[in-house]
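Novice: These are the residues of each chain, in order.
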Amino acid sequence: MRIEACGITKSFGSFLALSGISLTVDPGELVALLGPSGSGKTSLLRIIAGLENPDSGHVLFDGEDATRRDVRERQVGFVFQHYALFRRMTVFENVAFGLKVKPRKERLSRDEIRARVKELLRLVQLDWLEDRYPSELSGGQRQRVALARALAVEPRVLLLDEPFGSLDTRVRTELRRWLRRLHDEIELTSVFVTHDQEEALEVADRVVLLNQGRVEQAGAPEDLFERPASAFVMDFLGNVTIFRGRAEDGRAHFGPLAIEYPEHAGRPSVPVAGYVRAHRFDLARGEGQKSGFWAVVKHVSPSGALVRIDLSDGELPSTRVELSRERFEALNPRIGDRLFVMPSEMRVFPGHEDGTLTERPPET
Amino acid sequence: MNATREPLQRVQATGGKSRETSDSTGMRRSRAASAAAVRGGLILAAILVMGWLLILPLAVVIGEALKLGVRAYLDAIRSPETVAAMKLTALVVAVTLPVNVLFGLAAGWAIGKFRFPGRSVLVTLLDLPFAVSPVVAGMLFVFLYGRTGLFGPWLFDHNLKVIFAVPGVVLATLFVTLPFVAREVIPLMESAGNEEEEAARVLGAGFWPIFFRVTLPNVKWALLYGSLLAAARAVGEFGAVSVVSGHIRGETNTLPLHIEILYNEYQFQPAFAVASLLSLFAVISLALHVLLEKKRLTGTAKRGLA
Amino acid sequence: MTRSQGTPKSGFPAAARGASKAARPRVLPGFEAALGLTLAITGVLVLLPLSSLLVFAGRTGVPKLFATLHDERVLASLRLTLSTSLLAAVLASVSGLLVSWVLTRYEFPGRRLLDALVDLPFALPTSVAGIALTTLYAPSGLLGKRLAGLGVEVAYTPLGIVAALVFIGFPFAVRTIQPVLADLEPEVEESARSLGATPLQTFFRVLLPEILPALLTGFAMAFARGLGEYGSVVFIAGNVPMKTEIAPLLIMTKLEQYDYAGAAALATVLLLLSFALLFLINRLQGWAERLGRRGA
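Residue numbers (numbering that gives the first Met the number 0), protein chains in the order written: chain A, 0 to 363; chain B, 0 to 305; chain C, 0 to 295.
The hints are simulated quantities; they were obtained by calculation from the structure and are not laboratory data.
Ideal placement from N, C-alpha and C gives every residue a C-beta, glycine not left out.
Among the hints, erroneous ones may be present.
[To be verified] Here are the computed distance ranges between Cβ atoms for each label pair:
#1 Leu211(C) x Arg38(B): 17 to 25 Å
#2 Ser190(C) x Trp177(A): 44 to 52 Å
#3 Asp130(A) x Ala32(B): 52 to 60 Å
#4 Thr8(A) x Ser190(B): 53 to 61 Å
#5 Ala32(B) x Leu68(C): 30 to 38 Å
#6 Ser13(A) x Phe203(C): 41 to 49 Å
#7 Arg104(C) x Ser190(B): 24 to 32 Å
#8 Arg213(A) x Leu271(C): 23 to 31 Å
#9 Phe203(C) x Ser36(A): 23 to 31 Å
#10 Arg104(C) x Thr8(A): 52 to 60 Å
#11 Arg146(B) x Phe203(C): 20 to 28 Å
[Unchecked claim] Below, simulated DSS-like cross-link-like pairs (lysine-lysine); rule was C-alpha separation at most 25 Å, straight line:
#12 Lys219(B) x Lys293(B)
#13 Lys117(A) x Lys99(A)
#14 Lys160(B) x Lys99(A)
#15 Lys160(B) x Lys66(B)
#16 Lys144(C) x Lys66(B)
#17 Lys104(A) x Lys117(A)
Based on the sequences and whatever the hints tell you, model everything.
Specialist: Have a look at this one:
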């Protein structure tokens, strides 16, 4: 099913949660609504589900206006952030609930319901827990029960609110992959909300990045990562070091750093900000061909395939650099070493006179 | 060295109960002794206070009821007037309890699950009957339905009797018991949040399945507890009922009013015999209360985990 | 984006945002019915009776109502009701504090039984309590005999009224103080003691400030309940006008004499006092909640 949201606006009291948001989810797609807290992503999801009513705008399911349609009739599957399992029902009863409350005409027979629930519990690998109560399950198990319960009614679209939000890191990564596989298997149009950029980039076909009630950028994960439309997108999607400086005569100057900035040629001097991702730096023991600056190693965290190195020189902002393990071992930097830092790719965004950027993500 | 090691051993010996860490042995001993004395003294004082305040009156009821022997006791209980009073009391409870439950659940659903303008005013309003003296409550119904009351002439014309009749007794009891169930149910429905109900809604459930399968099981112990309080109050209400009943023997006398009449006629033993029945009911409801409280607490503990 | 005329929302112009907000369907069903039922029952059973007092007061006229209050017997009954309720509330609070302390801090055989018994005055019909207390304190009674030997008369005196009201107010005090004490960690007292505070200093400087809101709430509740109490008092009071006649009883008497104006005036005074106390209790509970949050 295709979901379209057109010009959705929603405010809670004086707080504007969504201002004129439009987006489309194509049939079979898995889309992530990504954003910092307060960006409106959960409100948007609840509006699509019909759990919240927009102040203006429409929600279309396969081109049909569903804005005023009751939650009950939208045929959506919704997985709540804290699962909202029925605590006085067993796992089996939870999953069977949606089937049992159907009008008599559409309701399956007892045996059919039983078979269907069993099948779903097998799908989420929980058939051995059907008699347990939610309080007797682990977080990951509850999550899967919630999913099975949502899928039981054969929804036309699956909506998940922070599906991995309250799980610990290990279960999270596991469930993430599992959800992706499950989606590939059942090919159900799905939208999930998350504040974790890694999760969005890893799981989703397409990511919609929200900020302060607006769509900042929507596109495939690589698009957002490689071609960020704004400073906010770039900052939100990865470890970046931000340099502040000025653009003059087609070049941007950040202290000792200077890079070509042809877009600006021939215009008066303006403040700009330069963004460099942590893995777009290289380090050297001596000055080379490239433009760079000297900084002192303050911290090294060698965990995983990438090694993180924090450097600072007192004048420029503290810089985080990610090196591959081979590069790190070749260079073998120690705390206190003075190294030459060279950005290999920098994106320049216009800034304000007072040094603030056009948009800064709210602290989370 | 010894002085610092010794407390450690003591802590182990007492299973970690002693929280003292470093102190000289002598001081600790005298302090422990005085603490024990204070503890014992306070416990004794509390028992005395409660014995004097609560247990003694209860003992008096039983003692006086059985003063003239079991036979007199049974006679008093089996007298036609007592039986009539019992029947009326049962009737009053049978009417007030369902209304109370219905009201409590409706108020719980509206106030506990929704936000709307005037909500806090309504919450305050619900508690109002508790702030009104029972006698004043009874008076209000006399003002409404009494001969010279607002609806009095109309009722008189239609030959309907409310005051000095059973409907008055029921109405007055309803007034004083109304908040009991609602007060127990509303906070619980509110604190449980709406997510489970919303989940049921998304799954296609209508009002009744949501209410009976999802909401009600979550508040059932509070509902029972509130009903118990309401029932106890309905059985025992005296002031409000006293104003509206007219004390017509065998007709508008509830058990508490019957006790008053017997007592005022110096029939002490029968009065206490009837009183002992009500005391028994009170003690049973206390026991049920303890039981329900336990259920409710284990219920919340489970919720805390989920 | 084109909209068809038939969609429900087109009925609400954008200008009527506030109205359309209220009219928007709620996600959960049954709100209108539940609220309607709640309002209907509250209206018929609570608001209608209360408004009858206003109608009656209006009919009689405010000056005349005030005039009926300027009666020695009425004033005496109000004085008696206020003073006995106040004293009883103090006594109930003090004994309530003691009992809640022992119930929360010490483990001893019979503790659970005592704890359950605290609610007895809630469960026991007031008339039963009334005749039992009267028999207990009557000159020939179990306690009355002994107290008479000491020259103290309780039954049929204001002291008897106080005794009945302490019985009624006691559980209010215990049940408001107890949870606060239970939430208060013994470590707080122990750390005060370890800093060198004497037990009395610990009590007045550390514990009392923490439980004060609850103590006052319990006091106010016992006081409010005492003002309106009738059943347990009417037997033990003796009901002598000017001496042992409480305000609720005087209302009853006035009703029996068809002096509705007098009854309404006195009832209004009692109601206003109760509402003032209800308001105070709400504020106290707000204070207690803030204290609790600060501690958490």
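Novice: Evaluate each hint against the coordinates.
Specialist: Status of the hints after comparison with the structure:
1. Leu211(C) x Arg38(B): 17 to 25 Å: At roughly 24 Å between Cβ atoms, Arg38(B) and Leu211(C) fall inside 17 to 25 Å, so the hint holds.
2. Ser190(C) x Trp177(A): 44 to 52 Å: Holds, since Ser190(C) and Trp177(A) (Cβ atoms, about 49 Å apart) stay within the stated range.
3. Asp130(A) x Ala32(B): 52 to 60 Å: At roughly 56 Å between Cβ atoms, Ala32(B) and Asp130(A) fall inside 52 to 60 Å, so the hint holds.
4. Thr8(A) x Ser190(B): 53 to 61 Å: At roughly 32 Å between Cβ atoms, Ser190(B) and Thr8(A) fall outside 53 to 61 Å, so the hint is violated.
5. Ala32(B) x Leu68(C): 30 to 38 Å: The hint (30 to 38 Å, Cβ to Cβ) is violated, given that Ala32(B) and Leu68(C) are roughly 59 Å apart.
6. Ser13(A) x Phe203(C): 41 to 49 Å: 46 Å, holds
7. Arg104(C) x Ser190(B): 24 to 32 Å: Distance hint for Arg104(C), Ser190(B) holds at roughly 28 Å.
8. Arg213(A) x Leu271(C): 23 to 31 Å: 55 Å, violated
9. Phe203(C) x Ser36(A): 23 to 31 Å: Hint violated: Cβ distance 45 Å, outside 23 to 31 Å.
10. Arg104(C) x Thr8(A): 52 to 60 Å: Cβ of Arg104(C) to Cβ of Thr8(A): about 57 Å, so the range 52 to 60 Å holds.
11. Arg146(B) x Phe203(C): 20 to 28 Å: Violated, at about 58 Å.
12. Lys219(B) x Lys293(B): The given pair, whose Cα atoms are some 13 Å apart, holds under the 25 Å limit.
13. Lys117(A) x Lys99(A): Since the Cα atoms of Lys117(A) and Lys99(A) sit roughly 14 Å apart, the hinted pair holds (cutoff 25 Å).
14. Lys160(B) x Lys99(A): 50 Å, violated
15. Lys160(B) x Lys66(B): The given pair, whose Cα atoms are some 40 Å apart, is violated under the 25 Å limit.
16. Lys144(C) x Lys66(B): Measuring from Cα to Cα gives roughly 18 Å; hence the hint holds.
17. Lys104(A) x Lys117(A): 22 Å, holds
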